[in-house]
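Peer 1: Read off the chains here:
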Amino acid sequence: MKDINIIFKYIKKYKWKYIAGILILFIVDFLNLYIPQFTGEITDGLESGTMDRNGVMLGIAKIVIVGLILALGRFGWRYYIFGSSRAIECKLRNDLFAHLETLSMSYFNKNKTGDLMAHFTNDLNAIRMATGPAVITSFDAGIMTIMVLTKMILYVDLRLTLLAVIPLIFLGVGGVYYGMAIEKRFDEKQQAFSELTDQVQESISGMRVIKAFVQEHKELKAFAKANQKNKDRNLKVVKLQAFIMPLLDILIGFSSVITLIYGGYLTITGEITIGRFIAFNQYINMLVWPMIATGDSITFFSQGFASIKRVQNIFNEKPEIYEDETVRNIDHLEGKIQFTDLNFRFTSETPEVLKHITVEVKQGNTLAILGRTGSGKTTIANLLLRMYNAPRGTIRLDGYDIREIPLKTLRENIAYVPQDNFLFSDTLQNNIAFGSDHKEIELVQKAAKEANIHDNIMNFPLQYATLVGERGVTLSGGQKQRSSIARALMKNAPILILDDALSAVDTDTEEQILANLKENRNGKTTIIIAHRISTIQNADHILVLDSGEMAEYGTHEELMAKHGIYADMYEKQQLEQQLEAV
Amino acid sequence: MKKRREIDYEKSIQGNVLMRLMSYAKPYWHWMLTAFILVLLITGLELYRPVLVGNAMDEFINTGNFSGVQKTAIIYLMVLIISFVFNFLQAWILQLAGQNIIYNIRQEVFHHVHKLSLRFFDITPVGRLVTRITNDVEALNEMYANILVKLLKNIIKIIGLALVMLSINMKLSFYAFILLPFIIGLTMLFKSISRATYRVARTKLTIINTYLSEHISGMKLIQIFAREKEKYKEFEEKSVDLYKANFREMMVFAIFRPSIYILSVVSLVTIIGVGGDLVIRGTITIGTLYIFIQYINSFFEPIQELAEQLGTLQSAMASAEKIFTILDEEPMIVNPENPTMLTGIKGRIEFQQVWFAYEGENWILKDVSFTIEPGQRVAFVGATGAGKSSILNLIGRYYDIQKGKITIDGVDIKEMNTDQLRSAIGQVQQEVFIFTGDIKSNIRLKNETISDEDIKKAAAYVNADRFIEQLNHTYEEAVSERGATLSAGQRQLLSFARTLAYDPAILVMDEATANIDTETEQLIQEALEKLMEGRTTIMVAHRLSTIQHADKIIVMHKGKLRESGTHQELLNLGGIYKKLYELQIQ
Numbered sequence: 001m002k003d004i005n006i007i008f009k010y011i012k013k014y015k016w017k018y019i020a021g022i023l024i025l026f027i028v029d030f031l032n033l034y035i036p037q038f039t040g041e042i043t044d045g046l047e048s049g050t051m052d053r054n055g056v057m058l059g060i061a062k063i064v065i066v067g068l069i070l071a072l073g074r075f076g077w078r079y080y081i082f083g084s085s086r087a088i089e090c091k092l093r094n095d096l097f098a099h100l101e102t103l104s105m106s107y108f109n110k111n112k113t114g115d116l117m118a119h120f121t122n123d124l125n126a127i128r129m130a131t132g133p134a135v136i137t138s139f140d141a142g143i144m145t146i147m148v149l150t151k152m153i154l155y156v157d158l159r160l161t162l163l164a165v166i167p168l169i170f171l172g173v174g175g176v177y178y179g180m181a182i183e184k185r186f187d188e189k190q191q192a193f194s195e196l197t198d199q200v201q202e203s204i205s206g207m208r209v210i211k212a213f214v215q216e217h218k219e220l221k222a223f224a225k226a227n228q229k230n231k232d233r234n235l236k237v238v239k240l241q242a243f244i245m246p247l248l249d250i251l252i253g254f255s256s257v258i259t260l261i262y263g264g265y266l267t268i269t270g271e272i273t274i275g276r277f278i279a280f281n282q283y284i285n286m287l288v289w290p291m292i293a294t295g296d297s298i299t300f301f302s303q304g305f306a307s308i309k310r311v312q313n314i315f316n317e318k319p320e321i322y323e324d325e326t327v328r329n330i331d332h333l334e335g336k337i338q339f340t341d342l343n344f345r346f347t348s349e350t351p352e353v354l355k356h357i358t359v360e361v362k363q364g365n366t367l368a369i370l371g372r373t374g375s376g377k378t379t380i381a382n383l384l385l386r387m388y389n390a391p392r393g394t395i396r397l398d399g400y401d402i403r404e405i406p407l408k409t410l411r412e413n414i415a416y417v418p419q420d421n422f423l424f425s426d427t428l429q430n431n432i433a434f435g436s437d438h439k440e441i442e443l444v445q446k447a448a449k450e451a452n453i454h455d456n457i458m459n460f461p462l463q464y465a466t467l468v469g470e471r472g473v474t475l476s477g478g479q480k481q482r483s484s485i486a487r488a489l490m491k492n493a494p495i496l497i498l499d500d501a502l503s504a505v506d507t508d509t510e511e512q513i514l515a516n517l518k519e520n521r522n523g524k525t526t527i528i529i530a531h532r533i534s535t536i537q538n539a540d541h542i543l544v545l546d547s548g549e550m551a552e553y554g555t556h557e558e559l560m561a562k563h564g565i566y567a568d569m570y571e572k573q574q575l576e577q578q579l580e581a582v
Numbered sequence: 001m002k003k004r005r006e007i008d009y010e011k012s013i014q015g016n017v018l019m020r021l022m023s024y025a026k027p028y029w030h031w032m033l034t035a036f037i038l039v040l041l042i043t044g045l046e047l048y049r050p051v052l053v054g055n056a057m058d059e060f061i062n063t064g065n066f067s068g069v070q071k072t073a074i075i076y077l078m079v080l081i082i083s084f085v086f087n088f089l090q091a092w093i094l095q096l097a098g099q100n101i102i103y104n105i106r107q108e109v110f111h112h113v114h115k116l117s118l119r120f121f122d123i124t125p126v127g128r129l130v131t132r133i134t135n136d137v138e139a140l141n142e143m144y145a146n147i148l149v150k151l152l153k154n155i156i157k158i159i160g161l162a163l164v165m166l167s168i169n170m171k172l173s174f175y176a177f178i179l180l181p182f183i184i185g186l187t188m189l190f191k192s193i194s195r196a197t198y199r200v201a202r203t204k205l206t207i208i209n210t211y212l213s214e215h216i217s218g219m220k221l222i223q224i225f226a227r228e229k230e231k232y233k234e235f236e237e238k239s240v241d242l243y244k245a246n247f248r249e250m251m252v253f254a255i256f257r258p259s260i261y262i263l264s265v266v267s268l269v270t271i272i273g274v275g276g277d278l279v280i281r282g283t284i285t286i287g288t289l290y291i292f293i294q295y296i297n298s299f300f301e302p303i304q305e306l307a308e309q310l311g312t313l314q315s316a317m318a319s320a321e322k323i324f325t326i327l328d329e330e331p332m333i334v335n336p337e338n339p340t341m342l343t344g345i346k347g348r349i350e351f352q353q354v355w356f357a358y359e360g361e362n363w364i365l366k367d368v369s370f371t372i373e374p375g376q377r378v379a380f381v382g383a384t385g386a387g388k389s390s391i392l393n394l395i396g397r398y399y400d401i402q403k404g405k406i407t408i409d410g411v412d413i414k415e416m417n418t419d420q421l422r423s424a425i426g427q428v429q430q431e432v433f434i435f436t437g438d439i440k441s442n443i444r445l446k447n448e449t450i451s452d453e454d455i456k457k458a459a460a461y462v463n464a465d466r467f468i469e470q471l472n473h474t475y476e477e478a479v480s481e482r483g484a485t486l487s488a489g490q491r492q493l494l495s496f497a498r499t500l501a502y503d504p505a506i507l508v509m510d511e512a513t514a515n516i517d518t519e520t521e522q523l524i525q526e527a528l529e530k531l532m533e534g535r536t537t538i539m540v541a542h543r544l545s546t547i548q549h550a551d552k553i554i555v556m557h558k559g560k561l562r563e564s565g566t567h568q569e570l571l572n573l574g575g576i577y578k579k580l581y582e583l584q585i586q
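Read top to bottom, the protein sequences are chains C and V. Residues in the first sequence are numbered consecutively from 1, following the numbering used here. Residues in the second sequence are numbered consecutively from 1, following the numbering used here.
Some hints here could point you the wrong way.
Cut-off 20 angstroms, straight-line C-alpha distance, at most; resulting in silico cross-link-like pairs (EDC-like, lysine to aspartate or glutamate) [unchecked claim]:
{"hint": "1", "chain 1": "V", "residue 1": "K238", "chain 2": "C", "residue 2": "D426"}
{"hint": "2", "chain 1": "C", "residue 1": "K355", "chain 2": "C", "residue 2": "D546"}
{"hint": "3", "chain 1": "V", "residue 1": "K220", "chain 2": "C", "residue 2": "D115"}
Hint data in this document are derived by calculation from the structure and do not stem from the laboratory.
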């Protein structure tokens with residue numbers, strides 16, 4: 001029950017609109033009953049010859065007036081109820097996004113982007129159905145049924161009503177059963193379809209292997225299986241539908257037959273008039289919708305509640321990284337970094353990724369970190385940015401424990417160039433100015449020049465207004481990387497972390513960028529993570545990581561003299577370079 | 001080549017799409033016909049029902065003939081039951097046909113895509129192909145299973161209704177039809193507006209989904225740069241845009257539905273007014289009026305459905321067009337009609353003045369000639385873009401060369417069956433593709449003739465067994481797409497086992513430069529040695545040690561073969577290789 005609270009919070013905001021909508025719905029359903037009655041009165045009058053032309057005209061006028069009110073009302077409830085459900089959806093979507101922004105990296109590592117997006121699409125959609133159409137269907141299923149039945153009983157006949165309604169009860173019960181059965185089959189169908197999609201996706205992605213191992217025919221055979229399964233599951237859904245739809249028709253037909261026999265009998269015996277007999281036929285048809293609505297509203301609500309639960313779970317997710325009471329009032333960092341016996345593991349079940357790291361970086365110094373994939377280099381950067389929490393006392397900046405520094409201060413004072421060069425599909429200017437409050441073009445250009453990307457940008461037709469990504473230009477790996485460097489430099493922060501950020505640029509450009517950095521970052525701290533020796537050999541200190549441990553530490557010369565991992569890597573990389581140089 | 005494809009493209013545009021779609025229905029024409037006949041019968045029965053009740057009212061209820069009423073009720077009941085059976089049969093037959101057609105189209109597209117050349121995949125995004133085979137084909141189902149027959153049904157229903165009404169009373173029918181143009185007009189208008197608003201809403205939804213996917217992936221960056229507030233504002237703006245589009249869509253319906261309702265009320269009162277007048281004058285009976293009142297309501301349904309169905313037909317055609325574009329794509333590499341079959345490939349490879357470009361005159365290889373004897377180990381050396389990897393691709397005929405000739409055991413590869421050719425070549429790539437499944441299925445792929453024993457033997461031979469045995473489920477351990485659970489080195493070893501299991505005569509490999517931990521690297525080196533034994537090996541080499549041990553070294557530079565020979569011969573030559581070597585030794 002607690003799960004449902006959150007949605008009430010939103011519904012409450014629109015309670016007047018809901019009340020208005022339901023009131024209109026009530027009026028519509030009520031007036032709706034008069035159309036058959038008026039029609040019946042006219043036919044009766046004509047039948048018995050008691051009605052003249054004026055009488056018919058009066059009846060028609062009544063029908064038209066009621067019809068107009070009904071039309072207005074049908075607009076009204078859509079406007080109020082569907083409108084509110086759309087507004088709730090929008091509000092929920094915004095709040096969900098805002099909440100995601102507070103969650104930590106480990107949450108995003110655990111949950112795939114696609115799954116999170118499904119909450120925004122599928123779940124919000126189901127919630128909207130439960131707050132909009134479900135209101136209508138359940139109202140109609142309940143109130144409308146009662147009103148039509150009352151009308152049938154009062155205006156026509158109680159016994160006839162009781163008899164004629166019997167088949168329709170099956171309709172309501174059947175509807176609920178059908179809703180459940182079809183949902184299960186539909187899920188199975190979706191499942192088969194996504195298996196099919198996965199198989200196609202993989203087969204096409206692995207086309208090279210398939211062709212190399214001449215697997216085309218075997219792929220086709222395997223695909224036929226998935227294709228067949230998809231077909232079978234589809235047929236299971238349509239078989240049910242093919243059966244249910246005519247069943248609906250026959251049940252309504254049974255009511256008509258009962259009406260015909262018993263109603264006909266009552267008419268013959270003179271207990272009801274022929275006009276009422278006709279009206280009753282129309283009422284029977286009016287009951288069809290509420291019966292279907294019963295099934296629908298059960299489906300809407302059950303899906304809606306499941307979705308609300310899932311969304312609620314996201315809202316219940318607490319950020320791992322937050323400021324606790326030990327946080328101090330610090331608004332600027334100088335750039336001194338100390339690691340003291342830093343051990344780190346992502347979760348208590350996983351092995352340690354960093355072991356006994358003790359390094360000090362003086363303000364204005366450059367530390368290079370080198371190591372193979374998976375040796376823990378990026379983790380160090382992540383810990384400095386507090387994307388994960390390092391144990392207390394193991395990381396200090398300017399002498400403060402990292403947890404004592406407000407998050408905003410910490411992240412504003414560290415500029416970071418990530419490994420994956422993620423750029424948003426926005427203009428280059430906005431991308432470079434991403435982390436800065438000042439987006440003036442001069443500042444952007446200055447950063448771009450330092451990152452050696454300015455000339456490239458000026459060569460694009462739209463220059464700094466060029467859109468990145470699918471809708472704009474496709475940047476090469478090197479251009480992306482340099483844009484990402486410019487984005488970090490634009491912050492002009494006391495600490496700069498380059499995480500394998502020069503891997504995609506050629507050696508000349510690399511040299512220039514490094515020279516620019518040296519010139520512009522005088523007195524500021526820099527951490528360079530790299531694979532290439534050329535990138536890091538001029539650093540003040542070099543830390544070589546091997547499986548999370550400090551394998552070697554010292555200057556270039558010191559490490560070369562050691563003839564260890566560093567010296568070995570240096571040799572290997574020489575050949576590559578010379579091949580390029582030929 | 002290019003020209004021909006353009007013509008094909010035009011042909012498919014020229015409205016033959018529908019004809020082509022129909023050709024898929026051909027094998028099921030008798031099913032379609034049966035369904036159509038059933039639909040006719042069903043429609044007839046549907047129209048008959050109000051007539052039954054109307055007549056009963058006139059002839060029996062008015063005259064107090066209860067046995068007549070009973071007789072009518074029995075007929076009515078029979079009509080109901082027959083309708084039920086027909087309805088079920090009709091829907092089931094059509095769906096069965098539709099699903100079968102869909103199945104066939106999907107098999108055809110999948111098969112066709114697999115025949116296409118690598119060049120096609122170089123330039124076509126995977127996602128687009130996946131959508132063609134899955135969603136676009138699915139969109140056709142609705143057309144075969146529903147639209148075609150229902151379209152006919154509704155047309156017949158409208159005509160049938162009109163005819164029945166006309167035959168009962170001309171004058172009243174005329175009044176019933178008066179509003180027809182308005183209904184059709186309004187429906188058309190609504191359709192075009194709703195389609196436009198729908199499109200806007202779809203676009204906004206796509207925008208917000210793209211934004212979400214990008215910003216959830218980039219959440220780390222947003223947090224690192226402390227941009228949460230700014231990004232929220234951006235999102236809110238897009239979210240409100242979507243809300244407005246959705247709201248507009250809702251308003252279109254909110255206005256249209258009541259408008260159609262008003263029209264139905266107007267036509268009802270028209271019928272009552274005119275019909276009432278006729279009843280008073282005694283021209284028609286009260287039963288006739290009842291029939292018309294019933295019919296006037298059923299007149300609205302098929303017209304609106306028709307508009308709906310035409311829309312669906314349109315989108316199905318759009319999907320079909322996209323599918324046909326792929327089917328019209330011709331494979332660039334085609335098997336010769338009468339391929340020369342070799343019995344047992346020895347592995348002698350010869351390039352004779354080979355020129356090759358992926359596109360136009362952008363030559364990747366220029367006049368390259370060399371011969372590799374069976375069992376030889378040849379290393380290609382050169383900078384990135386020198387054409388080394390292209391040579392590896394050309395041997396398996398993944399691309400066709402423009403000039404010159406490539407032969408294997410003296411036979412032009414263009415005259416060979418590509419399946420035989422490629423089976424003879426084992427490829428080891430830097431990037432190892434792992435299929436979802438388990439270790440076993442990644443070694444044998446889908447070749448069931450490779451037994452579990454063979455798999456274990458192959459794995460043991462290339463040192464892959466050590467890491468496999470350590471996995472929780474050993475050979476049954478599940479691995480996922482892109483092999484995220486395996487390290488780069490493990491993936492390499494797995495690919496060696498895969499290659500070995502297929503026992504190729506020729507080995508083609510791109511030496512891995514990835515950072516692999518020292519321990520695994522040792523295993524990989526050993527495994528490679530074993531793998532190369534007794535096989536003609538062609539490799540793009542990066543390590544000096546590998547290069548030195550080759551029987552022949554070929555130095556490529558800017559698409560040209562510059563030097564070739566053994567290590568010693570090249571050193572004596574005093575060219576590029578010597579320079580390289582000396583720099584290395586320093």
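Peer 1: Holds or violated: are the alpha carbons of V/K238 and C/D426 at most 20 angstroms from each other?
Peer 2: 14 angstroms, holds
Peer 1: Are the Cα positions of C/K355 and C/D546 separated by 20 angstroms at most?
Peer 2: 10 angstroms, holds
Peer 1: For a C-alpha distance cap of 20 angstroms, please report whether V/K220 and C/D115 respect it.
Peer 2: 17 angstroms, holds
When each numbered hint is compared with the structure, no violation occurs for any of them.
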